[in-house]
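Model the full assembly from the supplied sequences, consistent with the hints where possible.
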Amino acid sequence: MSTGSSSTSSTSSTRSGGAARKSSRINTYKGQDRALRAGRLGTAGLLLSVLAASAPLMVVAGVMPTTFGVMGMVGQPLLFVILGVVLALFGVGYAEMSRHVHNAGAFYAYISRGLGGTAGAGASLVALVAYSAMQVGIYGIFGFEVSGLLATYLDLQVAWWVPALAAVALVAVLAWLKIDLNARVLGVLLVVECLLVVVFDVAAVAEPAASGLSLAAFDPDTLSGAGLGTALCFCIAAFVGFEQAPVYAEETSRPQVVVARVMFLAVGFAALFLALSSWAYTVAAGPSGIVGAAREQGPGLLFGLTEARLGAGFTDLLHILFVTGMFAAMLSFHNVVARYAFAMGREGLLPAAFGRTNRASGAPGSGSLLQTVISVAVVLAFAVTDDRPAGDPTVPVLRLFTWMGNVGALGIIALMATASLAVIVFFARRGAARAQAWRLVASGLAGLALLVIAVYTVKDFDVLVGAGPGSALAWLLPGVIGAAALVGLLHGAILRTRRPEAHARIGLGNEAFQLEKAREGGPG
0 MSTGSSSTSS TSSTRSGGAA RKSSRINTYK GQDRALRAGR LGTAGLLLSV
50 LAASAPLMVV AGVMPTTFGV MGMVGQPLLF VILGVVLALF GVGYAEMSRH
100 VHNAGAFYAY ISRGLGGTAG AGASLVALVA YSAMQVGIYG IFGFEVSGLL
150 ATYLDLQVAW WVPALAAVAL VAVLAWLKID LNARVLGVLL VVECLLVVVF
200 DVAAVAEPAA SGLSLAAFDP DTLSGAGLGT ALCFCIAAFV GFEQAPVYAE
250 ETSRPQVVVA RVMFLAVGFA ALFLALSSWA YTVAAGPSGI VGAAREQGPG
300 LLFGLTEARL GAGFTDLLHI LFVTGMFAAM LSFHNVVARY AFAMGREGLL
350 PAAFGRTNRA SGAPGSGSLL QTVISVAVVL AFAVTDDRPA GDPTVPVLRL
400 FTWMGNVGAL GIIALMATAS LAVIVFFARR GAARAQAWRL VASGLAGLAL
450 LVIAVYTVKD FDVLVGAGPG SALAWLLPGV IGAAALVGLL HGAILRTRRP
500 EAHARIGLGN EAFQLEKARE GGPG
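Using numbering that gives the first Met the number 0, read the sequence shown as starting at 0 and increasing by one per residue.
Simulated from the structure, these hints should not be mistaken for laboratory data.
Glycine included, each C-beta is placed from N, C-alpha and C at the ideal position.
There's no promise every hint is true.
What the hints assert, rightly or not - DEER-style ranges, computed between Cβ atoms:
#, residue 1, residue 2, range
1, Gly-310, Gly-467, 51 to 59 Å
2, Asp-315, Val-451, 36 to 44 Å
3, Leu-153, Leu-485, 42 to 50 Å
4, Val-198, Arg-294, 19 to 27 Å
5, Glu-306, Val-187, 33 to 41 Å
6, Leu-149, Glu-295, 33 to 41 Å
7, Leu-155, Arg-183, 24 to 32 Å
8, Gly-41, Gly-211, 37 to 45 Å
9, Leu-149, Val-172, 17 to 25 Å
10, Ala-431, Gly-310, 53 to 61 Å
11, Arg-183, Pro-388, 35 to 43 Å
12, Ala-431, Glu-500, 37 to 45 Å
13, Val-80, Gly-310, 27 to 35 Å
Structure below.
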């Protein structure tokens, strides 16, 4: 009797041990490969990561003079305040959604949970293309500026694409490391560039033009004119980055609290920082002189104004931080693209290999590698077609940076407008419309405003990319986003017909993974 009991116990123990080992293998393999590492980012780390994408110094030195000069828009400071309000309204519903859905594929996950898996599949490809375009575009202006610095300070003549490709390699290495290390790199670069811009702001206020500390730039009358729609398109791109916070939800310590907090902090900081800095421009050059000065000096306006007030040494430092700020933006966008690819691979929207993480660092390695390959291919394609003399900004800046940046901005604006609708539908279907009424109203107002901006963006795309009237670029480049949406929707429809179980997982992210893990590791 005791022998039989012992044998039974031994057999049971063996089976139990085998099941435990099987469960352990499942947990180890899938826990490390199919889930991002939790608890890596707190409020500060996440805030610095998302703000770095907006590249504040690049906005101040590049976007602001362009908006003043090309659009003749003196009221740019007021424009940033208005856009800050619109995006805060958007953030109300978006942040509430982040409490219910934690997924590295933020935009498409929210859209799929509100509007269905097929819509989510369309949004996933739009997000992948849009963020990838914005990231790759920055390599153009980065390479051009670095080659200029090398020529000025080291007397080295280097083609723009050489430092661009070097940056691709360095970004690839950093993106392979732990996200908290990335956040430290981004944080240091961001804080330093913001401090330098604040120094310029203070110097402009301390030494204003003849008109003094004029508040004319906040007069609503300064927003009149045909350039308003195009100025909205330019300026909203300066805020891009805050909406990335939910992408890191799985890697934050308390996503229900941290993600929403970071989004509002990012929007508030960006609106205040950009409004004050653009106002400082009007103070330094005078409200009546800022448009003419911007048209004459272009992106060199900031450096001209700082040199006159703070000297050549400070201006040289500003040039260097201008470049490091771009690098921070490239790294931030690269991390976002890699996480979107990871989320899509995990849910069957991309090959399963993309839904795996690097065991050592927890980074989405395959997605990072994909973005690196795309970056190399695009930079080389523009380099091969560049037959202009060294120092000519046409290809790296006016084409690669401007074309890709505006394609990406259009995609993100469209995603935000669609996500606003998805938030409303999501809570209405859950029977929470009354409880969430004020958030849904805010989402609706933001969605309408974003839709108007998206229409203006498409309408004025020839102006945004510097193409002449009737240029094919005016419809070819926006068509990239349209094509991505159509291909994604078609892919979603095919999945729904042929692989309904995969279609049902779209937007579920780690929730679907946990259910699958429980089934595979459970009894029997």
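Now for the hints, and whether the structure bears them out:
With their beta carbons about 41 Å apart, Gly-310 and Gly-467 fall outside the hinted range of 51 to 59 Å. For Asp-315 and Val-451, the hinted distance range of 36 to 44 Å is satisfied, since their beta carbons lie about 42 Å from each other. Look at Leu-153 against Leu-485: about 48 Å separates their beta carbons, and that is inside 42 to 50 Å. At roughly 26 Å, the beta-carbon separation of Val-198 and Arg-294 lies within the given 19 to 27 Å, and the hint holds.
For the pair Glu-306 and Val-187, the supplied restraint of 33 to 41 Å is violated, since their beta-carbon distance comes to about 25 Å. For Leu-149 paired with Glu-295, a C-beta distance near 26 Å fails the hint of 33 to 41 Å. Between Leu-155 and Arg-183 the beta carbon distance is about 30 Å. The supplied range of 24 to 32 Å therefore holds. For the hinted restraint 37 to 45 Å between Gly-41 and Gly-211, the CB-CB distance of approximately 43 Å keeps it satisfied.
Between Leu-149 and Val-172 the CB atoms are about 21 Å apart, so this pair conforms to the stated range of 17 to 25 Å. The given range of 53 to 61 Å is respected by Ala-431 and Gly-310, whose C-beta atoms sit roughly 58 Å from each other. A beta carbon spacing of about 40 Å between Arg-183 and Pro-388 agrees with the range 35 to 43 Å that was offered as a hint. Under the hint 37 to 45 Å, the C-beta atoms of Ala-431 and Glu-500, about 28 Å apart, miss the expected range.
A hinted range of 27 to 35 Å holds for the C-beta pair Val-80 and Gly-310, which are about 32 Å apart.
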